[in-house]
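*Asks:* Spelled out from the first residue to the last, the chains are:
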Amino acid sequence: MLQIKQLNVEIQDYKILKDINFKINIGDILGVIGSNGSGKSTLLRTIVNLIPYSGSIHFDLKNAHHFIGFVPEEPIVYIDLSVSDNLKLTLLKQGILTNLDEILKRFNLFHLRKKKARTLSMGQTKRMSIALAVINNPKILLFDEPLNGLDETSELLFYQLLATNPHDKLIIISSHNLNLIEDFCTKLLFLKNGHSTYFSSLKEIIDEYGSLNTAYKNYCL
Amino acid sequence: MKKLFYSELIKLRTKTNIAFGSVGICLYLLTIVLQTNKIDFNDLQYTNSIRIDDLSISVIEFVYTIFIIVFFTKDFSQKTIYRTLFEGKSRVNIFYSSILFIVLLSFVITIFSRVSISIYFMFKGANIQYIYNSFFQINQILLVFISLYLHSLIALLLSVSTKKSQWALIIFFSWILFSGLINIVLLKNGIDLPNSPIKKLFLYIGFIKSYFLQIIVLFLEQTVFLYFIKRSYLKLSWLKKR
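Here the protein sequences line up with chains A and B, keeping their order. For what it's worth, the working numbering labels the leading residue of the first sequence as 1, then goes sequentially. For what it's worth, the working numbering labels the leading residue of the second sequence as 1, then goes sequentially.
Everything labelled a hint here was simulated from the structure, so no lab data went into it. Worth double-checking, as some hints may not be accurate.
[Claimed, not checked] No farther apart than 30 Å at their CA atoms in a straight line, the calculated lysine-lysine pairs in the DSS-like style are these:
# : chain 1 : residue 1 : chain 2 : residue 2
1 : B       : Lys2      : A       : Lys88
2 : A       : Lys139    : B       : Lys3
3 : B       : Lys11     : A       : Lys15
All chains, please: the whole structure from these sequences, using the hints.
*Replies:* Written as structure tokens, this is what we have:
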């Protein structure tokens, strides 16, 4: 379970997130929707301990941060290391033993394993970033604009990932892609200028507004 | 912390780092060769001493400081420091593993510098007793180690506070220039500071005669550096200014 209460993030008296409250459980897939600058990325970065905040972020898991996988919008990898070394480094930091080849094959990275990360295309780097996030089979997964830079094949890989065992995970996706949100998310959080304007289940939103697009226009623009 | 430390070692194994290290070693050996090319090693008595450490160690310190700056600022420019954070490591953990890394690296380079000088002198035919007396003195080893350690602390402090290699390097070169100018001014006024690595690093320590006081001053200096480095790590945040 993840419960966020009165979450505020500010920089030099400028409030980026204001009084965010929500609660989601294992098995939920939360979609965070909002226009540019609404605070989507800041919210995800705050949850993964990258930004100081006031309020509370409570995970109902011991050592929760060891069980979080995060895919930032702009992939963060060691560009001077090979694909394989990048994955090894993450495994080493987390003290996990797993079959590296299996992960490489699953994300269609096996043929690239000896290539330096700096030589990869944007889509390949993003795929590696996703592989790095799921390598330790985390209970909590956060994706910031996951489809940016992915080609159709890689998008399919990502959809397969979401469709596999989502019931024992808590997933948060921040995206502009309403189709992705509508296809996979069970709960939605709308953000506008750092405020949470609406939080509800997808079903209730569709029942109330008829389409996600209408709700988006109502709460985010 | 141990896992983080090992991950730093993996990051060391890149071609750029190996090339950097090789250039440093070549410069260091070249300095020694140029300083000793007129000495007949066969005639050396073990009671004689050749002062070759000042310049050669300065070369190592110089290359080492630049290396530490480039190595640590890369983590900020590539944002990989945030990867370590969101992979579940705390800011304090990152701080301790960085310090452990530079302590061990300073130690390894100290030993390397001593051993390589000895091998070179042996190769040139110097007396074994002479080599032992000149280069395996514990106080000399400590001096080089502390000097390298303090240089790496300064490099780390510059890296974590500027987060950009170009700014850290500009500050470092300005400081070198400033130290050089101060040295020239002091020399013109008839003040010749003993030229050991540490005294060169912190000019005013040259004025402290007591060995005990020097140790206290060095300890206080490293504490101040550690405090500011830790503070910078604790303040790490991936937030764009708006």
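*Asks:* Hints the structure violates: just list their numbers, smallest first.
*Replies:* As far as the earlier hints go, only 3 is violated by this structure.
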